[in-house]
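Trainee: Listed here are the chains, written in short residue letters.
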Amino acid sequence: MTRQKIVRIGLSASVIGISLILLQRLLVPKYVTDVVEGRMIAEYYEESDKDHDVIFIGDCEVYENFSPQVLWDDYGINSYIRGSAQQLVWQSYYLLEDTLRYEQPDVVVFNVLAMKYNTPQNEAYNRMSLEGMRWSWSKVLSIEASMTEEENLIEYVFPLLRYHSRWQELGKDDITYMFRTKQVSFNGYYMRTDIKPAENVPEGKKLADYTFGDNAYLYLDKMVQLCKDNGIRLVLIKAPSLYPYWYDEWDEQMEQYAAQNGLLYVNLLEAADEIGLDYSRDTYDGGLHLNLYGAEKTTRYLGRILQQEYGLADRHQDARLEAEWQAKAAAYEAEIQRQGGYKEP
Amino acid sequence: MKKKVLGMMLGMAVVLTGCAGSTKVIEKDTAAAGGESGAQQEAAAETADADGDGEEKTQEAAAAEHKGYVFVYNDVTIEMDAEAAPIVEALGEPASYFEAPSCAFEGIDKVYTYGSFELDTYPIEGTDYVSSVVIKDDMVSTPEGICIGSSRQDMEGAYGTQWSDEEGMIVYEKDGMKLCFILEGNAIASIEFRSTAADQ
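Protein chains in written order, with the working numbering: chain U, 814 to 1158; chain E, 203 to 402.
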């Protein structure tokens, strides 16, 4: 084969490769204007300084109900939420593994609602939890543990294979954010300032078996062990969302599990009165998720527990961190104003 | 060379767009709780019969005209995956109503409570379909005469012994829907008509 031919083949391969990369960038969902929850996992890697005291992991009940800005303002606790919609327990475990590649927090807070799921659930939610992760062995294992029967690993490696049909629904965002993106969360917190009172929240349907599944427990065990191995204190919480229904039988299991493993378990739903939650004002979707007012109250309550139980230091004296959080506070305040400012009760 | 590269790129484009009708992954209006399968749209078509012909029908006769097991209340037949709006209208004002937005997606699952039973819906592209009916007390029964408190023998007499066990629940499957019973001892404690759309 002549040198000229080799160069030609190399050039052709490069053109094809670059074309495919560009096509993929164009076609994958951008999660910037709609379904912004799909951006949150990736946003963590853009943090300039990953030296967090507290990492939250879990489903929408963490990224909608806690505000890291308040933890910093009130307690000087530097925190980040690695949350995603319907994040399953095995996804939380591998996300924690992934997080430990970058930092070692003092405390990890895990929301236990996900224990209700024992098997893979839904591709769309899987994609929002998995696609944003940087490639690592943890990501591969998380994909393997999460895939439904219709999914294939190769489609996660080459998302173009999955999203090629999106060419029919391409929008302005697909062009605007092809090579850049914009911030959608505040250290992982998804802010909403609107109000929709909780009314007529239905009771849970009767279940034949209230026992959490073996697979869910397996990954919770792994999470406990991972934290022990790394000297991290794991805290289990149930966020104060009224729906989906949290059964007493589930709560008892978590209480027992925490006691058996020497963990702190905080049911914030039971503490709603103590927190001062007013479900006629502190939720934006009828009780499923808290709005800014509810999230700030709940965060203050949890922050006090974290500081008292684990003696987390107030880091306001750290000038570098203080400067970072001042910049974050400005963006936080700007978002409140963008959403119409604080609403009076 | 340019022609070859252009040819290859064109070929790629044809291959990649050739199966453009495959299932969409991220779709705003699709109910997350009901799954993202576009096939659900085809599963939900028939409008429930609100009994406008004036004929008196027994619950069982009304049920026999529909697919799967159905629930009949005040002559309104409720079939799984049927469009919800005409059924809800025929049933009248519910005792209570709750909306459960799906996390991240714009779809809203709705829960209508009518005293003795609850009707749940899931959305697809702006239209709500029946996802389940849960019987809450013994004031109502299935068209086959089974209610909360009936015995296992009554249940098997009405529906047969060909059921499957799903996490401790007795499940009869027919025409792509499920009729689910939970027993406490020998007595039925829960009855639920359930669409299988969310399972797909």
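Any given hint could be a false lead.
[Said to hold, decoys possible] Here are the in silico distance ranges between beta carbons for each label pair:
#1 E291/E - D864/U: 56 to 64 Å
#2 S1093/U - E291/E: 24 to 32 Å
#3 K269/E - T961/U: 34 to 42 Å
#4 E267/E - N965/U: 16 to 24 Å
#5 P288/E - K1035/U: 24 to 32 Å
#6 Q1073/U - E358/E: 34 to 42 Å
#7 N276/E - E860/U: 35 to 43 Å
#8 D367/E - L1134/U: 54 to 62 Å
#9 R1133/U - D367/E: 57 to 65 Å
No wet-lab data here; the hints were simulated from the structure.
What you are looking at is a predicted structure, and each value in this text was computed from that prediction instead of being measured.
Note that CB positions come from ideal geometry on N, CA and C, so glycine has one too.
Trainee: Can you let me know if the beta-carbon spacing of Q1073/U and E358/E is within 34 to 42 Å?
Mentor: holds (41 Å)
Trainee: Taking the CB of R1133/U and the CB of D367/E, does the distance hold inside 57 to 65 Å?
Mentor: holds (59 Å)
Trainee: Looking only at beta-carbon atoms, does the pair E291/E, D864/U fall within the given range of 56 to 64 Å?
Mentor: 58 Å Cβ-Cβ, so the 56 to 64 Å window holds.
Trainee: Range hint 24 to 32 Å: satisfied by the CB atoms of S1093/U and E291/E?
Mentor: holds (29 Å)
Trainee: Given the range 35 to 43 Å, decide if the beta-carbon distance of N276/E to E860/U lies inside it.
Mentor: violated (58 Å)
Trainee: Quick check on a hinted range of 16 to 24 Å for E267/E and N965/U, using CB atoms only.
Mentor: violated (42 Å)
Trainee: Mind checking the hinted window 24 to 32 Å against the Cβ distance between P288/E and K1035/U?
Mentor: The hinted range 24 to 32 Å is violated for P288/E and K1035/U, with Cβ atoms some 49 Å apart.
Trainee: Range hint 54 to 62 Å: satisfied by the CB atoms of D367/E and L1134/U?
Mentor: holds (55 Å)
Trainee: Looking only at beta-carbon atoms, does the pair K269/E, T961/U fall within the given range of 34 to 42 Å?
Mentor: violated (26 Å)
Checked against the numbered hints given earlier, this structure breaks hints 3, 4, 5, 7; the rest are met.
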